[in-house]
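Enquirer: Go ahead and model the full structure; you've got the sequences and the hints to work with.
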Amino acid sequence: MIDWSELRQEHLGKTDLIYLNSPANGIISSRNIENEYAETEKYLKNPGKYRMQFLLETLPDIREKLGKILNANASQFALLQNFSIGMAMFSASLPKQTKILLLKGDYPSLQMPFEESGMQICWFDFEEDYTLDIGKLESFIELEKPEIVAISHCQWLTGYLADLESIGAICKKYYCTFLVDATQSFGAIPIDIKKCNIDVLGASCYKWALAGFGNGFLYIKEEILSKYIPQTAGFGSYSWHEGKPFYKPSMKSYEAGHHDHEAFHRLHYALTQILNLGLDNIHSKINELMDYLLDQLTQNNVSLIGDFMDENRLGIVSIASQPGLFKRLINNNIEISERGGNIRLGVHYYNSEDDIDYFITALSLFT
Numbered sequence: 203m204i205d206w207s208e209l210r211q212e213h214l215g216k217t218d219l220i221y222l223n224s225p226a227n228g229i230i231s232s233r234n235i236e237n238e239y240a241e242t243e244k245y246l247k248n249p250g251k252y253r254m255q256f257l258l259e260t261l262p263d264i265r266e267k268l269g270k271i272l273n274a275n276a277s278q279f280a281l282l283q284n285f286s287i288g289m290a291m292f293s294a295s296l297p298k299q300t301k302i303l304l305l306k307g308d309y310p311s312l313q314m315p316f317e318e319s320g321m322q323i324c325w326f327d328f329e330e331d332y333t334l335d336i337g338k339l340e341s342f343i344e345l346e347k348p349e350i351v352a353i354s355h356c357q358w359l360t361g362y363l364a365d366l367e368s369i370g371a372i373c374k375k376y377y378c379t380f381l382v383d384a385t386q387s388f389g390a391i392p393i394d395i396k397k398c399n400i401d402v403l404g405a406s407c408y409k410w411a412l413a414g415f416g417n418g419f420l421y422i423k424e425e426i427l428s429k430y431i432p433q434t435a436g437f438g439s440y441s442w443h444e445g446k447p448f449y450k451p452s453m454k455s456y457e458a459g460h461h462d463h464e465a466f467h468r469l470h471y472a473l474t475q476i477l478n479l480g481l482d483n484i485h486s487k488i489n490e491l492m493d494y495l496l497d498q499l500t501q502n503n504v505s506l507i508g509d510f511m512d513e514n515r516l517g518i519v520s521i522a523s524q525p526g527l528f529k530r531l532i533n534n535n536i537e538i539s540e541r542g543g544n545i546r547l548g549v550h551y552y553n554s555e556d557d558i559d560y561f562i563t564a565l566s567l568f569t
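Going by this note's numbering, the residue at position 316 of the sequence shown is 518; the numbering climbs one at a time, nothing skipped.
Source of the hints: derived by calculation from the structure; they are not laboratory data. Careful, some of the hints might be misleading.
Derived CB-CB ranges, DEER-like [to be verified]: (1) Lys306 / Glu236: 41 to 51 angstroms; (2) Lys247 / Phe415: 19 to 29 angstroms; (3) Gly459 / Phe528: 31 to 41 angstroms; (4) Lys247 / Lys270: 44 to 54 angstroms; (5) Pro262 / Phe568: 44 to 54 angstroms; (6) Ala290 / Asn227: 16 to 26 angstroms.
Cβ coordinates follow ideal geometry from the N, Cα and C atoms, glycine included.
Expert: Next comes the structure, spelled out in structure tokens:
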């Protein structure tokens, strides 16, 4: 039985804020911080031994845990500082005339590397209700014939959750590489890379994975790695044989430099926590809180940005802003974000119905 109140204390026990801002920055647990300090103490006592253990045991175990969580081959994960770096490096591996389908309004770190590299971009748009019409998307892919379809699993402005399995099947049908930004979903919902026919998937882990800043990952299917040969490398990209370094393009090409011990021990701890809690349980808790939040917003006649079904939501809600509303909520000790001219909030497993009630009360007093 999961004690959600204990987890709340571990994550939010040191703040008086009504914290509804996980889409911007998840709060790591006090136990993760304690573990990070303990690892630093080990490093200071014996740096050389610690470094080898980190390289030979910790980093491989992180990849194993990612593979288990995402149902993918552990060897196909590169451990990076963040998603943005992964996209910049992957885009460098593409021929200049590669044709890529992007969604209008998707996250800049997903789109800018392709735009700035001079790729051929074909733009697909959301519907007026901020949903994706899968039928129209398939027709568009059939017509435009992009080599790569690149989307966010969870849309950062509205919280719209894309149907990865349906889109992955379309990409497979039309021989497109399917690339997914999972930064706003990894750690909050199960993702099956094989079932969804995902070819490339990356995420920064400071949001829903609750691992703090400075860590993320990039997965590339082996066939795609062979098709798009990495064009970046560094000392960390070497393999070794009989004590001598040699280089051949691989996922290690994306790990050009040294990893930050503290950042990746935070990720290691966070992944262990995800596996211990179970992503189905985490997702159910988030859905439970979302149901309560949406019900309260409806009862108070608050209009949502994107009125889509529950199966297409994941922990994020945006509402229309009004002059002075954001400042009023911040002054009432509520942490949220302004995005795209609207107010965006989110609930994670460490939130409670009391947090939502407080927010709704502050919102109703303004209106």
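Enquirer: Would you mind marking each hint as holding or not holding in the structure?
Expert: Results of checking the hints against the structure:
1. Lys306 / Glu236: 41 to 51 angstroms: holds, 44 angstroms
2. Lys247 / Phe415: 19 to 29 angstroms: holds, 26 angstroms
3. Gly459 / Phe528: 31 to 41 angstroms: Since Gly459 and Phe528 have Cβ atoms about 39 angstroms apart, the given range 31 to 41 angstroms holds.
4. Lys247 / Lys270: 44 to 54 angstroms: violated, 31 angstroms
5. Pro262 / Phe568: 44 to 54 angstroms: holds, 52 angstroms
6. Ala290 / Asn227: 16 to 26 angstroms: holds, 22 angstroms
When each numbered hint is compared with the structure, a violation occurs for hint 4 only.
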